[in-house]
Amino acid sequence: MAAVQETVDRVRQIDVDQYRYGFETLIESEKAPKGLSEDTVRFISTKKNEPAWMLEWRLEAYRRWLTMAEPTWARVNYPKIDYQDIYYYAAPKPKKALTSVDEIDPEILKTYEKLGIPLREVVILEGVEPPPGGEPSASRKIAVDAVFDSVSVATTFKEELRKAGVIFMPISEAIREHPEIVKKYLGSVVPTSDNFFATLNAAVFSDGSFVYVPPGVRCPMELSTYFRINERNTGQFERTLIIADKGSYVSYLEGCTAPQRDENQLHAAVVELVALDDAEIKYSTVQNWYPGNSEGLGGIYNFVTKRGDCRGVNSKISWTQVETGSAITWKYPSCILRGDNSRGEFYSIAISNGHQQVDSGTKMLHLGKNTTSRIISKGIAAGVSQNTYRGLVTAHRKATGARNYTACDSLLIGDKCGAHTVPYVEAKNSSALFEHEATTSKISEDVLFYCTQRGLSQEEAVGLVVNGFVKDVLQQLPMEFAVEAQKLISISLEGSVG
Amino acid sequence: MNVVLTKTETQRPASDVFAGVRDRLPGRGKAAEAREQAFAAFERAGLPHRRLEDWKYTDLRALMRDVLPLAAAPDKNALERAEAALASLPAVDAVRVVLVDGAFAPTLSNLGGMETGVRVQTLREALEDGNHADLLSNGSEPGAMIALNAAMATDGLVITVADRVAIAKPLHIAHVATRGSTASFTRSFLTIGKAAQATLLESFVAAEGTKSYQVNDVISVSVGDDAEVQHVRLMDDGADATNITTAVFSVGAKARLTTFNMTSGGILSRYQGHLTFSGEGAEVNANGVNLLNGRQHADTTLFLDHAVPHCMSREVFRSVVDDRAQSVFQGRIIVRPHAQKTDAKMMTRALLLSDEAEADNKPELEIFADDVTCGHGATTGALDESLLFYLRARGLPEKEAEALLIQAFVGEAIEAIASDGLRELTVTIARAWLERRG
Amino acid sequence: MSLLEIKDLQVRVDDREILHGLSLTVNEGEIHAIMGPNGSGKSTLSHVIAGKPGYEVTGGEILFRGEDLLEMDPDERAAKGVFLAFQYPVEIPGVVTMNFLRTAYNAQRKARGESELMAPEFLKKVREVAKRLGIPQDMLKRGVNVGFSGGEKKRNEILQMALFEPSLCILDEMDSGLDIDALRIAADGVNALRSPGRAMVVITHYQRLLNYIIPDVVHVMSKGRVVKSGGKELALELEASGYAQFDEAALTAA
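Protein chains in written order, with my numbering: chain F, 1 to 498; chain C, 499 to 936; chain L, 937 to 1190.
It is possible that some hints are incorrect.
As the list claims (entries may be wrong) - Computed from the model, here is a short list of chain C residues facing chain F with C-beta under 7 Å:
#1 T799
#2 F801
#3 E856
#4 D858
#5 D868
#6 A876
#7 T878
#8 G879
#9 T926
In short, the hints are calculated from the structure, not lab data.
Note that the Cβ used here is the ideal one computed from N, Cα and C, for glycine as well.
Produce the complete structure using the sequences and hints provided.
Okay, here's the thing in structure tokens:
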């Protein structure tokens, strides 16, 4: 209940229609020329000091992309994107090569402070300047990789992670330092030819996070990446690759924000997860890109391909997402359940308000024997938004004993929005057992009346009900982020009841 | 690239077929114009394919490939064979009208048995009298297969039940195919007046030995305000037949409609229902069963459009899939803006009896109003082992125990049929399918 | 010839051996109680006798009137007169109880080469038995066990036992989930079916059931074997001293 109270307090404090993270940071940056061509791809590759094989990989993707068409099946509408009117690379201009966090542009550090991401503090905790009272326990530590526009600006806790054998670094560094691992896994879950946006990403991705957890290692802390789009007219194309080797475990969280701008900005990321035998990856997202203003102007186009491959036996991949931002979300974090006895999970809260459009869900592809999956999706639509759950569950002919449970619930707030459910349930063998249920409802008048009669405002009452509605999913988030996510949910729904 | 190739391959025969028969099809003037337009619409779209979201699981370009030549009008021999086929159906007390190979067969029909207040005309008559070209228009229901039907329709029935008339006996439209390797195109209309009551049975069968034929049928049912209508469709076409049927329903205020479809025949079939609520306070039960084995592919696609407030819909769908058959159920519930107080529920369950059977379910909700109660559920699985064991421990042999559980499984969809006679008929056909299974 | 003869039965489930050489002989008219702690293999034994799939018999045999029971399908065993009253009777939605009873009854008769009973005759028979057991008529119109209380489900099992007239009844934890009144009603139903031609194997964790259904022989099972057999007083002894002593006995025997 404390958390609920906090939400209610938060609602009281916040101005209606105010995106908290909408500020812009004024720093000098270095950009690739506008537009996309082989030269742009070469430019990015050169900037990153990439080996020749990486450039080839990108060029192949670029050539492939030229032959592809933008997908149209999702329930989203937006004006045609001019792919030649976007900057594909923007980096904060480095004064010199960075050797410590102090050399990061103070403006960027301030940005992350405003976002509540303590790059400096974390470094202090790391022992540079031990704080009074000694070090906190390792379980409270969170290693952060901060990606500003196209490049990673800082990664914390590197040393401590290295001791555990965990590699956590910008993917641009990993390409140079661990080419053998990157070569083996990059594009092995989301092939370069997978879909229009993923192929575009393969050609122009500039940074992102790379994680490798060696066999038998339980990653000693949460890993986290914060993405920030700052520059105008800039697309962000990050690429994340996480490999959990045999018997290992890692929990990873990403957060994202962008300034308020009138034009739409494209974010086309790719995330690939690989879990080998007995390994487990927990991937959580709090997505809060700028959603556009109350007139529907501006906002991020969030066209993201996320896929996990349960490659090994008994492996497990769990996606949790809290989606509150972006003008348009097109995103289906999926699991390929290849290893026998592997398990996939998808927990999602997708909230749309104002003019937002969400088409999100998951794919659970059962290929191995005795694989199980679980999907819990909570969609909340308010304002004039459209919120679609789209999910595929399929059991291959040889996936004997496949099990899936899906529950997707939608809540409508107001009569101008839409909530849609589009499940695809495909069973190709008789031992598959699938259960799917979905409901759509509005907040009960009786409950609202009861709450208001007890002294809550209409908005507080809605906050209360919504928190109850999404509770199952919030519980899946690491504790620190559950609180943050809950605040975000309340903020997202501001002005939705009138 | 493949698409282009397939397109020319499939469309050339269709255009040949149309060119060869257009002058012999009933209706001149406006009706002929409507046919030309409809055929042009079909040619533009071609046979539906899997890249069209609504045809994702039933790719007619791959499965149907081409349109067969139009069946010739039935001769004496055809009528005799049709009569024999009808005689093999379980008896049902109804007023029967028969369409043989897409043509009305007066000698097998019982028009004289029609009750007062019921008017029956054949589509051919209606088109030939020159004032009913609108019967070939496709209204708001798009789609290549319905366009093809408008272009090629040879016959059908135009039935009107006057306001406040309650007809006692079911009307039975019986389709019989007797000519192999041909196609038939039928189009029927049923208009039920205000506060009227009627029951419509449709059946599809083949005369013995009729191979590889195609059926393309359109049925349009308009239910008046306060009317009560039951519709039962039993598709038991020949084992290698193709049946593509579009059913369009419009349901008036405070009306009650129960519609039930069972597909047990045909190698390839699609039953697509488009139901629109046009007046408030109506209630609809839309149920269905697919009973499939061998290499059958059957697709039931139902769109329920809650266009007005305060309506209720219930959908119960069951599929039983054996051998290498594939069952598809797509259900979409649309709740339009302002259609408040909609209460819509859909439940689809599939039972897979073989390791090579496939069931694809796509139960969709598309909701634009907030004060609604909508839900859907879908399950897929094999027969429950513990139930089977319980029955066998009580002495039932395996096949009998299975049959009992399968009957109970499909029974949940069948029980909505209110007419005892039609419900029993449905159960009999379902049992016959189970017995054929052996 | 004994009615049921189990010799050195060894059974595995998922690669784990549950019964390690169990032997048991039951003659016509006898009532045997099998007692034992949880996990001793009591329910496995009842399932294997009835032929539930998922159990692998790796050794030994089960003879029923001298015939190899393990060679028979579950329905053949039922027709031969083996009846298992389930610990947890399943719910079968959509299958009306009366229809189910008649289908099963006639299937057993048919398998034995007897004539099938016509509906009116059968209806009368069921109604009589139901009345005797205090089963309301409307229960017979509902789906098998659907929405039945624990007591009603057990009474439905006894109703079937009375109708099918089996020669061997295995009552698997009949007392589980029943309060004392429901237990008494169920036990009365069972006692009414005692006859010289019918044997019963009563499987139970607690002695309390045996106050109502008095056994001729009591067996104690532990770790997949019968470790002790005796008269009905053995049950009381167990009630006083518990099962722990027999765990050791099982270990020594191994």
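So, going through the hints one by one against the coordinates:
1. Because the beta carbon of T799(C) sits about 14 Å from the nearest beta carbon in chain F, more than 7 Å, this interface hint is broken.
2. Interface restraint check: F801(C) against chain F, minimum CB-CB distance 13 Å, threshold 7 Å, status violated.
3. For E856(C), the interface hint holds, the least distance from its beta-carbon to any beta-carbon of chain F being 5 Å, beneath 7 Å.
4. Interface restraint check for D858(C): the shortest CB-CB distance to chain F comes to about 5 Å, inside 7 Å, so the restraint holds.
5. About 4 Å separates the beta-carbon of D868(C) from the nearest beta-carbon of chain F, less than 7 Å, and the hint is met.
6. Evaluation of the A876(C) hint against chain F yields a held restraint, the C-beta minimum of about 4 Å falling below 7 Å.
7. The beta carbon of T878(C) comes within 4 Å of a beta carbon in chain F, closer than 7 Å, and the hint placing it at the interface holds.
8. Because the beta carbon of G879(C) sits about 4 Å from the nearest beta carbon in chain F, less than 7 Å, this interface hint is met.
9. With a cut of 7 Å, the hint placing T926(C) at the interface with chain F is violated, because the nearest CB-to-CB distance is about 27 Å.
Hint compliance for this structure: hints 1, 2, 9 are broken, all remaining hints hold.
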